[in-house]
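**Student:** Here is what each chain is made of, one letter per residue.
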Amino acid sequence: MSDRLEVALALRVPGFHLDVAWSAGGGVAVLFGPSGAGKTLTLQCLAGLITPTAGRIVVDGRVFFDNATGVNLPAQARRVGYVFQGYALFPHLTVADNVGFGLRARPRAERIRRVASVVEQLGLGGLERRYPRELSGGQRQRVALGRALAIEPALLLLDEPLSALDAPLRRALRDELRALLGEVGTAAVVVTHDFTEAYRLGDRIVVYDAGRVVQSAPRSELLWQPASEAVARIMGIPNVLHGTVIKATPDRIQLRWRGQILEAVNSPSRSYLPPPEAPIAFFIRPEYVRLVRKDRGPADPHHHMNLMSGLVVADEDFGTTWLLRIRLDAPGPPAQNDWDLEVEVPHLVYEILEIERDRRWEFSIHRGSIHVLPA
Amino acid sequence: MSPDTASALLLSVRVAVLATLLNALVGVPLAYVLARRQFRGRGLVDLLTTLPLVLPPTVTGYYLIVLLGRRGWLGGPIYQTTGWSVAFTWYAAVVAATVMALPLLVRTAKAAFESVDRDLERAAYTLGRSELRTALEVSLPLARNGILAGLVLAFARALGEFGATLMLAGNIPGKTATVPLAIYTAVQTGEDTTALLLVGVLTVLSCLVIVAANRLGARAT
Chain A
1 MSDRLEVALA
11 LRVPGFHLDV
21 AWSAGGGVAV
31 LFGPSGAGKT
41 LTLQCLAGLI
51 TPTAGRIVVD
61 GRVFFDNATG
71 VNLPAQARRV
81 GYVFQGYALF
91 PHLTVADNVG
101 FGLRARPRAE
111 RIRRVASVVE
121 QLGLGGLERR
131 YPRELSGGQR
141 QRVALGRALA
151 IEPALLLLDE
161 PLSALDAPLR
171 RALRDELRAL
181 LGEVGTAAVV
191 VTHDFTEAYR
201 LGDRIVVYDA
211 GRVVQSAPRS
221 ELLWQPASEA
231 VARIMGIPNV
241 LHGTVIKATP
251 DRIQLRWRGQ
261 ILEAVNSPSR
271 SYLPPPEAPI
281 AFFIRPEYVR
291 LVRKDRGPAD
301 PHHHMNLMSG
311 LVVADEDFGT
321 TWLLRIRLDA
331 PGPPAQNDWD
341 LEVEVPHLVY
351 EILEIERDRR
361 WEFSIHRGSI
371 HVLPA
Chain B
1001 MSPDTASALL
1011 LSVRVAVLAT
1021 LLNALVGVPL
1031 AYVLARRQFR
1041 GRGLVDLLTT
1051 LPLVLPPTVT
1061 GYYLIVLLGR
1071 RGWLGGPIYQ
1081 TTGWSVAFTW
1091 YAAVVAATVM
1101 ALPLLVRTAK
1111 AAFESVDRDL
1121 ERAAYTLGRS
1131 ELRTALEVSL
1141 PLARNGILAG
1151 LVLAFARALG
1161 EFGATLMLAG
1171 NIPGKTATVP
1181 LAIYTAVQTG
1191 EDTTALLLVG
1201 VLTVLSCLVI
1211 VAANRLGARA
1221 T
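Quick note, the sequences are listed as chains A and B, same order. Using the working numbering, you'd call the opening residue of the first sequence number 1 and step up by one each time. Using the working numbering, you'd call the opening residue of the second sequence number 1001 and step up by one each time.
Next up, chain B with everything else stripped away, as it sits in the complex:
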């Protein structure tokens, strides 16, 4: 195994794990709010979080450049004050994977929260629990399996992310080239053994993910 192949594998795992953690941190509360709260702009938030699921990944990547690139809405001011930009760093791969995986988690977790009997939450309120404590003590444990299934799917999506990553992070061997990008490079340059090895690893991981998600889904009643 070449150093670049090993680094692609390590990078992919690191990116997918971090993206999954960020998904849990951002996506689970978001899913709860979308499932349980009525507020202005709810439809818009729902639309924005679902969009990356439907858009071509390169389009999502393009928007991320517009937002975070050196001349982006957010990235521009950051670059001007600090001289640093997230674009073409491995953090960019994390951002791209997070955004691309978010719809899968949010949709699964939202459905899981919605399937929790509202009377259970109401009962907790009448027994003195605040909405936050109720969400943590009642809704979250009861939606747990659905949320875990969503996280497994998000991990798989993050691991396989290609288009948006290429747009925002580039394909720099040893720096931002994750496994899917390394496979592309390997095929382009005729390194068939490397391509086969990486394809094999991703296929096995994906199979494991499907089994895990199905088991969690079956228990989520």
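Chain A on its own, in the form it takes in the complex:
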């Protein structure tokens, strides 16, 4: 399937350079990254609210901007539905007038019909005559979405659509939004700095950092194969560690770390073959570290891959899970502050194994759970 959305942008503003290129097929593309990375600026360029210095924007074959040919459609002509951060509802207009704001050029009867259908689709029935200040946060978000959808947009842009809501509502509306975006089928770009939100909403995730794209990938690929240590850090992945390569093949990488020899899987597709003795970054997901049970006899190195032992130096209760901070039985300073690894165990496991009392454990990590980060 060809790309529905092609974006290449360069923009110079005082103190900031935006230089990005990415493309997306159908569905939702999420721009993910820390604040100040240029995500909102990208949306404004897509909407025609800012003119980039150079680049090209094509949506479903329609050229919005191309500095090579001098094309630059004004915002008014792009038919882009934009849901602003904080929603930007017109405070002096009712819900119905907000939703119908973009329909002024259409005949009155059609306008009324379209507003009614959007109000119905978004479950805003009965609120038509209310003003934005009389609505709850969730209702406002729906009105903003309705106003953007009413014009039957060629492209839907959502800037931090959930950040103005409190946590429980946020989760409910996140899943509702995902369903709605799927139902509408319009190409959509969502900006967020929350990885869970990015993962739940996006089909493709484009990772921004300091005005550049550091990775653009389908969401599952991003989750399991961040392209670099920088991406892993932006995603907030715990246990990003540094070791030394012993031997790398297309399928496996053997590495040394904190006096242990670890075996990790390599991905043949990305042909990453660092030479022996090269420094290497990798990460271990806290929920994939296994504690070796003491009531089942001694640990078997053939069964338990990447076996190591250590001490629980701290633990934190996260309600349904516990986070354990482990210092390995190895000489030298620990890898992260006072500890080497963060390990997450379900609450039930914490209770059954009596971790509160028993602090010394052996750990095993399957090689598939050690993810190498290409330099």
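Take these hints with a grain of salt, some might be off.
Covered stretches of chain B (in silico footprint by chain A; criterion: 3 or more residues with CB under 8 angstroms from a CB of chain A, positions within the stretch not fixed) [to be verified]:
1. 1107-1120
2. 1126-1132
3. 1136-1145
Negatives, chain A to chain B, calculated, CB over 10 angstroms [what the hints assert, rightly or not]:
4. 80
5. 128
6. 151
7. 196
8. 240
Note that these hints are calculated values from the structure, not bench results. Glycine included, every Cβ here is placed at the ideal spot set by N, Cα and C.
Fit chain B to the given chain A structure using the hints.
**Tutor:** Chain B in isolation, oriented as in the chain A frame:
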């Protein structure tokens, strides 16, 4: 009440109303442009509109004579072709009051436009509105209270204008003598009752203006 006193009151109201209307016509678009547009000479326009607020009114009046007097840059050619000059007519009082009141309106209205969330205007653009239609349908209604407060202040300033009016329009009883000028004349000639009456009227009007401006300001959020 003498005929001159009555005429001063009527003239002052007429001058202040016209000056306020001119302020609305010129000052509101000017305030919008200064708040929202980046262009060359923006700083200069801002400076020129603010200057009458800071300069002594007689200096502003002097510049107005240089511009509009019988031998002025604009007034000279007009006088030569038509034989008419704005100087020393009641129109001159309107011009002087307008110029003196403009900074108050422009500064208040500019702040009101600047306080309108830019995303609201951006939203209107993406929904197909031109910049002009957006200004009329979104920015103006949302800046309304601030603009009205500015107009009230401009009206008060126009009503009380003295120095620039004296320079450009003179102090001709029954023709260009507005209330502030009539008060000056009355004090000079020892007509204490007239002075007291006019002072009282201006004080009451000014109090009303402050109350009105405060109420509008409080609602302008």
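**Student:** Please go over all the hints and tell whether each is borne out by the structure.
**Tutor:** Status of each hint after checking the structure:
1. Proximity of the stretch 1107-1120 of chain B to chain A, defined as three or more residues with a beta carbon under 8 angstroms from a beta carbon of that chain, is established by the 3 residues found.
2. With 5 residues carrying a beta carbon less than 8 angstroms from a beta carbon of chain A, the stretch 1126-1132 of chain B meets the three-residue requirement, and the given coverage holds.
3. Restraint check on the stretch 1136-1145 of chain B versus chain A: 3 residues with Cβ-Cβ distances below 8 angstroms, three needed, restraint holds.
4. Look at residue 80(A): its CB is around 5 angstroms from the nearest CB on chain B, not clear of 10 angstroms, so calling it non-interface is violated.
5. Residue-level check passed: residue 128(A) sits 18 angstroms from the nearest beta carbon of chain B, beyond 10 angstroms.
6. Distance to chain B contradicts residue 151(A) as a non-interface residue, since its nearest Cβ pair spans about 6 angstroms, not more than 10 angstroms.
7. Distance check on residue 196(A): its Cβ is at least 26 angstroms (rounded) from any Cβ of chain B, clearing the 10 angstroms threshold; non-interface status holds.
8. Non-interface call for residue 240(A) relative to chain B: holds, since the shortest CB-CB distance, roughly 36 angstroms, exceeds 10 angstroms.
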